[in-house]
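Chain order of the listed sequences is A and B. Be aware that the first sequence starts at 1, since it is given in our numbering, and climbs by one per residue. Be aware that the second sequence starts at 1001, since it is given in our numbering, and climbs by one per residue.
In short, the hints are calculated from the structure, not lab data. Don't take each hint at face value.
[Stated by the list, open to error] Calculated pairs, DSSO-like style, for lysine-lysine (alpha carbon to alpha carbon, straight line, at most 30 Å):
no.: 1; chain 1: A; residue 1: K351; chain 2: A; residue 2: K18
no.: 2; chain 1: B; residue 1: K1256; chain 2: B; residue 2: K1040
no.: 3; chain 1: B; residue 1: K1256; chain 2: B; residue 2: K1053
no.: 4; chain 1: B; residue 1: K1396; chain 2: A; residue 2: K253
no.: 5; chain 1: B; residue 1: K1141; chain 2: B; residue 2: K1396
no.: 6; chain 1: B; residue 1: K1239; chain 2: A; residue 2: K253
no.: 7; chain 1: A; residue 1: K261; chain 2: B; residue 2: K1181
no.: 8; chain 1: A; residue 1: K21; chain 2: B; residue 2: K1396
no.: 9; chain 1: A; residue 1: K261; chain 2: B; residue 2: K1396
no.: 10; chain 1: A; residue 1: K23; chain 2: A; residue 2: K261
[Stated by the list, open to error] With the Cβ distance kept under 8 Å, some of the chain B side facing chain A (calculated, not the full set):
no.: 11; residue: M1001
no.: 12; residue: L1264
no.: 13; residue: R1283
no.: 14; residue: S1284
no.: 15; residue: M1298
no.: 16; residue: I1325
no.: 17; residue: F1398
Treat the numbers as computed from the prediction; the structure is a model and nothing was measured. Even glycine gets a Cβ: it sits at the ideal position worked out from N, Cα and C.
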Amino acid sequence: MDFDLSEDQRLLQDSLGKLLKDKYGFEQRKAIIKSGAGWSREVWAAYAELGLLGMPFAEEDGGLGYGAVETMIVMEQMGRALTLEPFLTTVVMGGGFLRHGATAAQRGAMVPEIAAGTLLLAFAHTEPQSRFDLHDVATTAKRDGDGWVIEGRKGVVVHGDTADQLIVTARISGARRDRDGIGVFLVPATAQGVTRRGFGTTDGQRAADITFDAVKVGADALLDGGLALVERVVDETMAALAAEAIGCMEAAKDLTVDYLKTRKQFGRPIGSFQSLQHRAAEMMVCLEQARSMAMLAAMMAAEPDAGERRRQMRAVKIEVGRNARFVGQQTVQMHGGIAMTMEYAGGHYLKRLTVIENMFGDVDHHLAALSEEGGVFLAA
Amino acid sequence: MDLRFTDEERAFREEVRAWIDANLPAETRERMASGRTPTKAMQIDWQKRLYAKGWAVPHWPVEWGGQPWSAIKRFILSEEIQSTPAPSPLGFNCNMLGPVLIAFGTEEQKKFFLPKLASLDLWFCQGFSEPGAGSDLASLKCAAKRDGDHYIVNGQKTWTTLAQHADWIFLLVRTDPGAAKQQEGISFLLVDMTTPGITVRPIITVDGAHEVNEVFFDDVKVPVANLVGTENRGWDCAKFLLSNERTGQARVGASKERIRRLKLIAKEAPGGARPVMEDPRFRSRLTEVEVQLKALEMTTLRVLADENRALSQRKPNPASSVLKIRGTELQQAISELYVMAAGPYGLVSADPEADRWNEPEVAQDWQTLAQATYFNWRKQSIYGGSTEIQKNIMAKAFLGL
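Please work from the sequences and hints to get the whole structure.
What follows is the structure, given as structure tokens:
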């Protein structure tokens, strides 16, 4: 049992930390949000240069062959800086689909482009009725000669407005909520019949509402794996989001503690008041418990037993979600009015943490599902 | 970073489990499994078996009966003991006084006391709290005046757990009432409970249990040879003792066992239209507790991995403060779930001091213990530094507030 980072992992942490300190101060971030795409191509190019964009891919495909611990390190740093670039969607999620579901030829064609920063991916899955159920898919894919015709509508496709390729779930057979019969397709965003309406998300990122109107794709567009593939990639994504949340929570806690030391009321620093000291201590308890779960997530991300992996990831999502909500809310409460403003970072941590909490299942969703599956510690 | 147990560690867990199965007396196992505390005889018998095996004090130096194990291996042993469940080695002897003597005691004290602490030939109790000194421990007043080769002790201790079983007591006493700082006039003494002038009076807690006591000292003569460390530097021993074995306080193994047992119980427990376990509200609450316990297990392992490091390379780890706060909260939350599962039959009041009182049965044993345990366990967030004191410490030590 060893919780230490290796020399290489520490180097990765330091170099990304330095880059973000340099390019992603809170004022710089404001400017990036206001720019055209809502994220920075310059930072994206710097990620490519650091090797981050090819991180999780096998070396023979043109990647670095890194694992879940490296993803955790990177996401934590990105969480601290509240970055806006499509790393999660392109590298973690898109990368996951390519690694576990694409052919060697597809990986050979796409991975070098992703690593170079010239190819962006997005996962088009959520539908108006599906809420958090991964198996609830109404979009259809019908056979059309060798290929397929896709018909349907996907909502809240994070970074779907700038993606080059969409990874789309569509029903090949069965009823809307059947676990069987779901296909995962690679669809060029510029394909005939794809209509995208981009919009901003509450945390300052970008997403799109996408309709597929008789969109024709070839036979090779269908990735291998169906719903099991989706669940595997979503589990890996949940691990990455847990790490990002840790970065947000830690930065929010640091910001709050600094403020408690400097803000004066009644003639003394407000951090001298015991009610605020205890709340800050509770924030720290929440952070450390969540951090333990992010580490568990990194360990479980590659667990081959899908049922076991799913149960542990649900536990991660629940515990990180509960603690993130406390830390986010208390960051605003203990700052007072200043953290209610767009001008100050505090409230932005609450916003990102709230978005993370509501991606791929909120606390109640996973509590109900985990209870159904027997809980964390299975009875004999 | 590699968070898996090694093959060797997994094999060790199997070895421990098999040894406990073969050696734990059936009546001890049965009493513990029903949620009750072991009798004095059960505690002594079991600790002697652990001692003979070399497993009573694995965290002590090898020359005093310890094992050259990693912190993880020690954790595995204690987790297996807790999850059987079997009695853990007596904390007062093994986790509190033993390490203090190893760090501060004279050679004579070590040679005389350490083997008897490990084997439970001597049962120690802890004389720290007083009626006027609870969270503000350093304000204690129980006085020891030097008189030739002896101290004369006068005063009172309270909340003294299992003093009724104890052969000896380790005491914090005030030896210099004129010291500039409260902490500077305190000494650490070992006192034979059979010394004339000591009176033990039971305190019955709300659950009906006799667990704690008041202990009165009336001109009690204690040889100066029983002073531990330096006179007036007893606070150093106390601080050392309170910061020791932080990972033990989380009691994750015991909580996991209680959760697993609760699931089996709740599957059968009548809940009107369906068993309690099938009530989605109950199940969801249970799952919420389990998830937090999983996080606490990981936090415990993080602190343990830290304890594996050489002392010089250790940094104060904020994760360690989490253990007492969340560990006790979760034990309390689990006791509440038992109360929920018991429902109306949880109202039946057991006599925790009597054997076989529930015959013929008016309720199942676990039902009669549910509320008693819930009431009793309110103590957990109070003793050993209350949750509020833990947060004061965190705010000061880790947040710089």
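Q. Given R1283 (chain B) as an interface hint, is the shortest Cβ-Cβ distance to chain A below 8 Å?
A. holds, 4 Å
**Q.** Holds or violated: K23 (chain A) to K261 (chain A), with C-alpha atoms at most 30 Å apart
**A.** holds, 27 Å
(Q) Given the hinted pair K261 (chain A) and K1181 (chain B), is their Cα-Cα distance within 30 Å? (A) Given that 30 Å is the threshold and the Cα spacing comes to 28 Å, the pair holds.
Q: Sort out whether K1040 (chain B) lies within 30 Å of K1256 (chain B), counting only the CA atoms.
A: Cα-Cα ~25 Å, so holds.
Q) Given the hinted pair K1256 (chain B) and K1053 (chain B), is their alpha-carbon gap at most 30 Å? A) Within the cut-off at roughly 25 Å; holds.
Q) Close enough to count: is the Cβ of F1398 (chain B) nearer than 8 Å to one in chain A? A) holds, 6 Å
Q. Quick one, are K1239 (chain B) and K253 (chain A) close enough, alpha carbons at most 30 Å?
A. holds, 29 Å
Q) Close enough to count: is the Cβ of L1264 (chain B) nearer than 8 Å to one in chain A? A) Hint holds; L1264 (chain B) Cβ to chain A Cβ min 5 Å, cut 8 Å.
**Q.** Pair hint K261 (chain A) and K1396 (chain B), alpha-carbon separation not exceeding 30 Å
**A.** holds, 12 Å
Q | Given hint M1001 (chain B) near chain A, where the shortest CB pair must fall under 8 Å | A | holds, 5 Å
Q | Agreement of K1396 (chain B) and K253 (chain A) with the hint, judged by alpha carbon distance not exceeding 30 Å | A | holds, 15 Å
Q) Hey, K1141 (chain B) versus K1396 (chain B), does the alpha-carbon distance stay inside 30 Å? A) This hinted pair holds, its Cα atoms lying about 26 Å apart.
Going down the numbered hints, you'll see the structure goes against none, and every one checks out.
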